[in-house]
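Protein chains: 2
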Amino acid sequence: MVSLPPPSLRDNTADADRLVRALQTQLETDDIHIDFNLLKKLPFQLRNAAYEVKCILYKNRRQWIVIDIKEARDASPLAGLAVDLGTTTVVLRLIDLPSGTVLSESSFHNPQISIGPDILTRVHFAGKTEGLKQLHDLLIAALNDSIRKICSDCGLRPEDIYFLSAAGNTVMTHLFMGLNPGGIIREPYIPVVNRPGLIAAPELGIAVNPQARVLIFPNAGSYFGGDLVAGILYSGLHRRSDTAILVDVGTNAEVVLGNRDWLAACAGAAGPALEGGASRIGMMAGPGVIDHIELEPDEKRFRCQTINALPPRGICGSGLIELAALLFSAGMIDGRGRFVPQNCGTKLTERSGLPYLVIVPANLSATGADLGISQTDLDSLIRSKAAMYAILETISASVGLSLETIDTFYVSGTFGSIIKPEAAVAIGMLPDLPLNRYVSMGNSSIGGATMTLTDPGCLEEIDAIRDRITYLELNVNQEFMTRFSAARFLPHTDLSRFPSVKVRRRG
Amino acid sequence: MVSLPPPSLRDNTADADRLVRALQTQLETDDIHIDFNLLKKLPFQLRNAAYEVKCILYKNRRQWIVIDIKEARDASPLAGLAVDLGTTTVVLRLIDLPSGTVLSESSFHNPQISIGPDILTRVHFAGKTEGLKQLHDLLIAALNDSIRKICSDCGLRPEDIYFLSAAGNTVMTHLFMGLNPGGIIREPYIPVVNRPGLIAAPELGIAVNPQARVLIFPNAGSYFGGDLVAGILYSGLHRRSDTAILVDVGTNAEVVLGNRDWLAACAGAAGPALEGGASRIGMMAGPGVIDHIELEPDEKRFRCQTINALPPRGICGSGLIELAALLFSAGMIDGRGRFVPQNCGTKLTERSGLPYLVIVPANLSATGADLGISQTDLDSLIRSKAAMYAILETISASVGLSLETIDTFYVSGTFGSIIKPEAAVAIGMLPDLPLNRYVSMGNSSIGGATMTLTDPGCLEEIDAIRDRITYLELNVNQEFMTRFSAARFLPHTDLSRFPSVKVRRRG
Numbered sequence: 000m001v002s003l004p005p006p007s008l009r010d011n012t013a014d015a016d017r018l019v020r021a022l023q024t025q026l027e028t029d030d031i032h033i034d035f036n037l038l039k040k041l042p043f044q045l046r047n048a049a050y051e052v053k054c055i056l057y058k059n060r061r062q063w064i065v066i067d068i069k070e071a072r073d074a075s076p077l078a079g080l081a082v083d084l085g086t087t088t089v090v091l092r093l094i095d096l097p098s099g100t101v102l103s104e105s106s107f108h109n110p111q112i113s114i115g116p117d118i119l120t121r122v123h124f125a126g127k128t129e130g131l132k133q134l135h136d137l138l139i140a141a142l143n144d145s146i147r148k149i150c151s152d153c154g155l156r157p158e159d160i161y162f163l164s165a166a167g168n169t170v171m172t173h174l175f176m177g178l179n180p181g182g183i184i185r186e187p188y189i190p191v192v193n194r195p196g197l198i199a200a201p202e203l204g205i206a207v208n209p210q211a212r213v214l215i216f217p218n219a220g221s222y223f224g225g226d227l228v229a230g231i232l233y234s235g236l237h238r239r240s241d242t243a244i245l246v247d248v249g250t251n252a253e254v255v256l257g258n259r260d261w262l263a264a265c266a267g268a269a270g271p272a273l274e275g276g277a278s279r280i281g282m283m284a285g286p287g288v289i290d291h292i293e294l295e296p297d298e299k300r301f302r303c304q305t306i307n308a309l310p311p312r313g314i315c316g317s318g319l320i321e322l323a324a325l326l327f328s329a330g331m332i333d334g335r336g337r338f339v340p341q342n343c344g345t346k347l348t349e350r351s352g353l354p355y356l357v358i359v360p361a362n363l364s365a366t367g368a369d370l371g372i373s374q375t376d377l378d379s380l381i382r383s384k385a386a387m388y389a390i391l392e393t394i395s396a397s398v399g400l401s402l403e404t405i406d407t408f409y410v411s412g413t414f415g416s417i418i419k420p421e422a423a424v425a426i427g428m429l430p431d432l433p434l435n436r437y438v439s440m441g442n443s444s445i446g447g448a449t450m451t452l453t454d455p456g457c458l459e460e461i462d463a464i465r466d467r468i469t470y471l472e473l474n475v476n477q478e479f480m481t482r483f484s485a486a487r488f489l490p491h492t493d494l495s496r497f498p499s500v501k502v503r504r505r506g
Numbered sequence: 000m001v002s003l004p005p006p007s008l009r010d011n012t013a014d015a016d017r018l019v020r021a022l023q024t025q026l027e028t029d030d031i032h033i034d035f036n037l038l039k040k041l042p043f044q045l046r047n048a049a050y051e052v053k054c055i056l057y058k059n060r061r062q063w064i065v066i067d068i069k070e071a072r073d074a075s076p077l078a079g080l081a082v083d084l085g086t087t088t089v090v091l092r093l094i095d096l097p098s099g100t101v102l103s104e105s106s107f108h109n110p111q112i113s114i115g116p117d118i119l120t121r122v123h124f125a126g127k128t129e130g131l132k133q134l135h136d137l138l139i140a141a142l143n144d145s146i147r148k149i150c151s152d153c154g155l156r157p158e159d160i161y162f163l164s165a166a167g168n169t170v171m172t173h174l175f176m177g178l179n180p181g182g183i184i185r186e187p188y189i190p191v192v193n194r195p196g197l198i199a200a201p202e203l204g205i206a207v208n209p210q211a212r213v214l215i216f217p218n219a220g221s222y223f224g225g226d227l228v229a230g231i232l233y234s235g236l237h238r239r240s241d242t243a244i245l246v247d248v249g250t251n252a253e254v255v256l257g258n259r260d261w262l263a264a265c266a267g268a269a270g271p272a273l274e275g276g277a278s279r280i281g282m283m284a285g286p287g288v289i290d291h292i293e294l295e296p297d298e299k300r301f302r303c304q305t306i307n308a309l310p311p312r313g314i315c316g317s318g319l320i321e322l323a324a325l326l327f328s329a330g331m332i333d334g335r336g337r338f339v340p341q342n343c344g345t346k347l348t349e350r351s352g353l354p355y356l357v358i359v360p361a362n363l364s365a366t367g368a369d370l371g372i373s374q375t376d377l378d379s380l381i382r383s384k385a386a387m388y389a390i391l392e393t394i395s396a397s398v399g400l401s402l403e404t405i406d407t408f409y410v411s412g413t414f415g416s417i418i419k420p421e422a423a424v425a426i427g428m429l430p431d432l433p434l435n436r437y438v439s440m441g442n443s444s445i446g447g448a449t450m451t452l453t454d455p456g457c458l459e460e461i462d463a464i465r466d467r468i469t470y471l472e473l474n475v476n477q478e479f480m481t482r483f484s485a486a487r488f489l490p491h492t493d494l495s496r497f498p499s500v501k502v503r504r505r506g
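If you read the protein sequences in the order shown, they are chains F and B. Residues in the first sequence are numbered consecutively from 0, following numbering that gives the first Met the number 0. Residues in the second sequence are numbered consecutively from 0, following numbering that gives the first Met the number 0.
There are no misleading hints in this set.
Copies of the same chain are indistinguishable here, so a pair counts whether it falls within one copy or spans any two.
Listed next, the in silico BS3-like pairs over lysine-lysine satisfying Cα-Cα at most 27 Å (straight line):
1) LYS127 with LYS69
2) LYS39 with LYS58
3) LYS69 with LYS148
4) LYS53 with LYS39
5) LYS132 with LYS69
6) LYS40 with LYS132
7) LYS53 with LYS69
8) LYS69 with LYS39
9) LYS53 with LYS40
10) LYS69 with LYS40
11) LYS69 with LYS58
12) LYS299 with LYS501
13) LYS299 with LYS346
14) LYS346 with LYS501
15) LYS127 with LYS40
16) LYS148 with LYS132
Rather than coming from a laboratory, the hints here were simulated on the basis of the structure. Computed from a prediction, not measured in an experiment: that's the story for all the values here.
Construct the entire structure; sequences and hints are all you get.
Encoded structure:
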């Protein structure tokens, strides 16, 4: 809110300069920029508002940018949008900027899945004629659709959105900007840009207020994206005096270990088992998706909890982890993750010639078909959990710490629902530690993106996080491979590491 | 020119960040901005050029902006364009940026003349529906035409122009940007913006390199435009330890008095007598235009020098001043500027019922018609010269100096040719001082605009000039009016002030 002294013959400074002068005093800065577009309507605005206006400003590090100018009494909404640019799922969170409250949240399948479910296929596709444009356009069109919907649900217009904050992995960030990600997957693994900074929404094709700015989270390298930088910001790991660990279970397993002095990071394919698309059962969280699962005391039937309590139509990553833990504890799968027919009973059938365990029979599911899990699904889940555990071991060893000495594990999952640490421990995805050391965070990427919309000081923090990260390359790490092999067993080949996990003998 | 260390597994910084890092070292700054548009082609460029590139940068005060990136061996031209946005005439000067040399100069009639020859008519027109857009479009279309021509004459493409620098009066600057100048002419005389700064060329509709930036000279107020700030920069007045004066004879008579510690400025209508449009004879400099004029010893015929020595088709401002001096000295006009029939002989005819003196007879002119000067032309010239002299007296009196004590008078004329101080003294436009105190500068506005293309340090100087100016308002100055009335006589009602001017008695 700014009050300007009205012009007079003694003070006939120009409109724009009068506004800048008032803002300089109020904000105690000499670095204020007014967009050229705003100048055209400025004289009418100032006079209509009798020199009592409110300015929408964005603090881009040291410079304050005037994004829009309204009458002081104008009560129209002022919204921000946080976006988690997932490979599989894009999550939106609409924020009321003056109060910082969340107005609504929604998500959609990344339509780039039609080009390729995995990042690699998309990167190759981007190298073809018009391929990059097609990938970019698919994403932006779906995002614009989703923005229209979420705004209309909240009684807003897309023009009410003035700031966006987007976090994604390095490839997704590039595709979002229409930049060729080709260098990221080829030695020596070079992104086009690590710190995209602030971009005007129209330059990206995003249909919100034409003056809106988009903050794009920086990536620390080809395999350490802005989503994880956002996760660190959200967890507060970088402000702690004691060492803690952040575990992000998404399409990629990403781990950061550190404190306010240093940050070490590591990422590896946790695999598509945990997210919709590649797996027939693991899918993104959404209405009707199973996010918690239990076995009835007689071990005959599964009791499933679905989002919005709708008939089940699939199972999400966190549900899948719980399911595997249940199956293992009930002896329905063995240590190698293979189905044990005598314990599965009639629930074990076959599909496409492979064993298939029915979780929800056709008559109870939303799809009218049996809902279950195949041997292939289980195999990829075990690869994922092994990768995660091996990463945790490798990164802590690399700084000379053992996992047991770490007091706090922040567990986040970008696929939208909350992981139950006990289930993840039961399958050996996370180490067997007292459960009170685990802090479940949900989607930390969108959490971090949201913070930048409500706290302008975050930008400096983000830079500091990015610059402090040491990235540990796993592709060339032999120890990681050894650890990965040892972890491809439920809960682990070395059972002494998981004293709390009861291993049921066959039969 | 920048050499980047090629990427490797040990140094896999992103392309953009690698470039920024190299530039930071080379330029010793941490504030470098790369335009988002450039990122799309950056990876290909760096690899094609084997990491040896040259960057085109613009230093916008403390921030360096990367405008374009080329291969180091790329020898394509790099041009800048200075523009003097005159009310009547727009002057272009094309510069080879690496060497700073002038490639070509051209000018065109401001097509806004079709709306109104004077600024006031245009400001009123801008207030009508679509009026502002029409004025802006007329100017930009003509500028783009002229840019195409001047480039093609020099074997360049408009895309080779990366920087523009434009100076004009406050209204012209507003019309150039498409901003409504309405506030400038109404009490309390408020422009939309005083310091427009740097604007991307496409935002103004200018068809040059799409990455090009346009520096727009700041104005000190409604009646003190960027053209005069450019003039001060060019004269160096603001760097002198002794006090000097800058006299700018254009559509407006503008005067700045000062030194490196202070600057006092004053402007008043010198009138359209000195520039094409309103006057039937005074026109902009161009081929065939009379810029110097003498009377043959027998006083029977005029000897005219034209630009490019072509048959005469008109007379420009400086020619008009010389002509008036000649006529007065030959007794063909009297002290009130009226024709003296007995001294004019047969050259004096009539046109539209008013006395008209033929300078070039029809058989020698380019137009096939007599070329001359009417009583109306003379009347407006006398008003102009009286205004200029009164301004000079008023401004020096306002700081307690007499004109005689000022050592250096910089005389510039934005209408394109060089004013002869002796002629201006002879009609009492400039004070009767030793001629070596006068320094003729030509068009100082385009001179200043050119400096910003070749010397990045100028931007700070411009700010300093603007902030140091004290503007003296003449509209409310009774002394000025008295002085103006006294000066409406050739050379002056008080002949003792002009001892060097020989006044011929009638008959």
